[in-house]
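In order, the protein sequence lines correspond to chains V and F. Letter by letter, the first sequence follows residues 437 to 551 in our numbering. Letter by letter, the second sequence follows residues 118 to 230 in our numbering.
A couple of the hints might just be wrong.
As the list claims (entries may be wrong) - With a cut-off of at most 20 Å between alpha-carbon atoms, the simulated SDA-like pairs for lysine to any residue come out as follows:
{"no.": "1", "chain 1": "F", "residue 1": "139", "chain 2": "V", "residue 2": "478"}
{"no.": "2", "chain 1": "F", "residue 1": "158", "chain 2": "V", "residue 2": "437"}
{"no.": "3", "chain 1": "F", "residue 1": "158", "chain 2": "V", "residue 2": "523"}
{"no.": "4", "chain 1": "V", "residue 1": "543", "chain 2": "V", "residue 2": "450"}
{"no.": "5", "chain 1": "V", "residue 1": "546", "chain 2": "F", "residue 2": "202"}
{"no.": "6", "chain 1": "F", "residue 1": "157", "chain 2": "V", "residue 2": "447"}
{"no.": "7", "chain 1": "F", "residue 1": "158", "chain 2": "V", "residue 2": "450"}
{"no.": "8", "chain 1": "F", "residue 1": "158", "chain 2": "V", "residue 2": "463"}
{"no.": "9", "chain 1": "F", "residue 1": "157", "chain 2": "V", "residue 2": "478"}
{"no.": "10", "chain 1": "V", "residue 1": "441", "chain 2": "V", "residue 2": "538"}
{"no.": "11", "chain 1": "V", "residue 1": "441", "chain 2": "F", "residue 2": "156"}
{"no.": "12", "chain 1": "V", "residue 1": "543", "chain 2": "F", "residue 2": "201"}
{"no.": "13", "chain 1": "V", "residue 1": "507", "chain 2": "V", "residue 2": "487"}
{"no.": "14", "chain 1": "F", "residue 1": "157", "chain 2": "V", "residue 2": "477"}
{"no.": "15", "chain 1": "V", "residue 1": "492", "chain 2": "F", "residue 2": "218"}
{"no.": "16", "chain 1": "F", "residue 1": "158", "chain 2": "V", "residue 2": "475"}
{"no.": "17", "chain 1": "V", "residue 1": "543", "chain 2": "F", "residue 2": "197"}
{"no.": "18", "chain 1": "V", "residue 1": "543", "chain 2": "F", "residue 2": "139"}
{"no.": "19", "chain 1": "V", "residue 1": "546", "chain 2": "F", "residue 2": "197"}
{"no.": "20", "chain 1": "F", "residue 1": "158", "chain 2": "V", "residue 2": "492"}
{"no.": "21", "chain 1": "F", "residue 1": "139", "chain 2": "F", "residue 2": "197"}
{"no.": "22", "chain 1": "F", "residue 1": "158", "chain 2": "V", "residue 2": "438"}
{"no.": "23", "chain 1": "F", "residue 1": "158", "chain 2": "V", "residue 2": "444"}
To be verified - Going by beta-carbon spacing under 10 Å, a handful of chain V positions derived as facing chain F:
{"no.": "24", "residue": "485"}
{"no.": "25", "residue": "518"}
{"no.": "26", "residue": "525"}
For the record, the hints were derived by calculation from the structure and aren't laboratory data. All residues carry an ideal CB built from backbone N, CA and C; glycine is no exception.
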Amino acid sequence: DQQVKQNSPSLSVQEGRISILNCDYTNSMFDYFLWYKKYPAEGPTFLISISSIKDKNEDGRFTVFLNKSAKHLSLHIVPSQPGDSAVYFCAARSNYGGSQGNLIFGKGTKLSVKP
Amino acid sequence: ETGVTQTPRHLVMGMTNKKSLKCEQHLGHNAMYWYKQSAKKPLELMFVYSLEERVENNSVPSRFSPECPNSSHLFLHLHTLQPEDSALYLCASSRATGRYEQYFGPGTRLTVT
């Protein structure tokens with residue numbers, strides 16, 4: 437059973453508008469969440485993260501929101517640019533047991549930003 | 118060379134072959150990881166090495182054999198693979214295990230025929 441879910445495999449947005457990428461998780465022991473971006477033929481690159489003690493973290497055009505009660509996080513990109521077109525992975529990190537520090541990834545959402 | 122590099126970038130091998138994937142990190146990190154990404158599946162953690170010692174093996178079949186001779190190099194030795202092992206194999210490194218961001222290499226696209 438997937439512990440980190442990205443239910444939208446793809447998203448298409450017009451340049452200049454907001455992109456909202458969603459992620460749900462099931463394990464309440466996750467205490468740190470990350471977003472990675474992946475271009476074709478490249479490995480994932482770290483984008484932004486948030487600790488479970490916060491509900492928002494902002495870095496330039498990228499903002500991540502965390503709703504712990506709903507076990508939901510989202511990545512907002514404003515304004516969206518064509519260069520943002522990539523696959524975005526949500527990842528969560530557990531804070532217990534032998535898996536401490538290991539990342540659990542979602543399947544990814546492919547974002548296409550149209551000029 | 119900077120960051121995390123992986124060679125080869127593409128590999129086609131038969132089920133009876135033996136091959137190795139190589140990963141090198143130039144970031145001064147102490148932890149290295151192997152991940153597998155199959156089509157339409159999330160990235161799956163395979164192995165974790167911390168200070169050249171394997172600290173996690175995620176129930177990976179023995180036909181995959183990792184080796185970490187030093188903190189900068191990581192290998193994945195492959196033998197008698199199955200077609201379902203065809204996937205993108207990604208290497209990553211981090212300053213240490215735990216609360217540190219992982220930096221990924223570009224991956225090796227493996228096809229088993």
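The hints, checked one at a time:
no.: 1; hint: 139(F) <-> 478(V); in the structure: holds, 16 Å
no.: 2; hint: 158(F) <-> 437(V); in the structure: holds, 12 Å
no.: 3; hint: 158(F) <-> 523(V); in the structure: holds, 13 Å
no.: 4; hint: 543(V) <-> 450(V); in the structure: violated, 23 Å
no.: 5; hint: 546(V) <-> 202(F); in the structure: violated, 24 Å
no.: 6; hint: 157(F) <-> 447(V); in the structure: holds, 16 Å
no.: 7; hint: 158(F) <-> 450(V); in the structure: violated, 27 Å
no.: 8; hint: 158(F) <-> 463(V); in the structure: holds, 19 Å
no.: 9; hint: 157(F) <-> 478(V); in the structure: holds, 17 Å
no.: 10; hint: 441(V) <-> 538(V); in the structure: holds, 17 Å
no.: 11; hint: 441(V) <-> 156(F); in the structure: holds, 16 Å
no.: 12; hint: 543(V) <-> 201(F); in the structure: holds, 18 Å
no.: 13; hint: 507(V) <-> 487(V); in the structure: holds, 13 Å
no.: 14; hint: 157(F) <-> 477(V); in the structure: holds, 16 Å
no.: 15; hint: 492(V) <-> 218(F); in the structure: holds, 18 Å
no.: 16; hint: 158(F) <-> 475(V); in the structure: holds, 17 Å
no.: 17; hint: 543(V) <-> 197(F); in the structure: violated, 28 Å
no.: 18; hint: 543(V) <-> 139(F); in the structure: violated, 25 Å
no.: 19; hint: 546(V) <-> 197(F); in the structure: violated, 34 Å
no.: 20; hint: 158(F) <-> 492(V); in the structure: violated, 28 Å
no.: 21; hint: 139(F) <-> 197(F); in the structure: holds, 18 Å
no.: 22; hint: 158(F) <-> 438(V); in the structure: holds, 10 Å
no.: 23; hint: 158(F) <-> 444(V); in the structure: holds, 13 Å
no.: 24; hint: 485; in the structure: holds, 7 Å
no.: 25; hint: 518; in the structure: violated, 22 Å
no.: 26; hint: 525; in the structure: holds, 7 Å
Hint violations for this structure: numbers 4, 5, 7, 17, 18, 19, 20, 25, all remaining hints satisfied.
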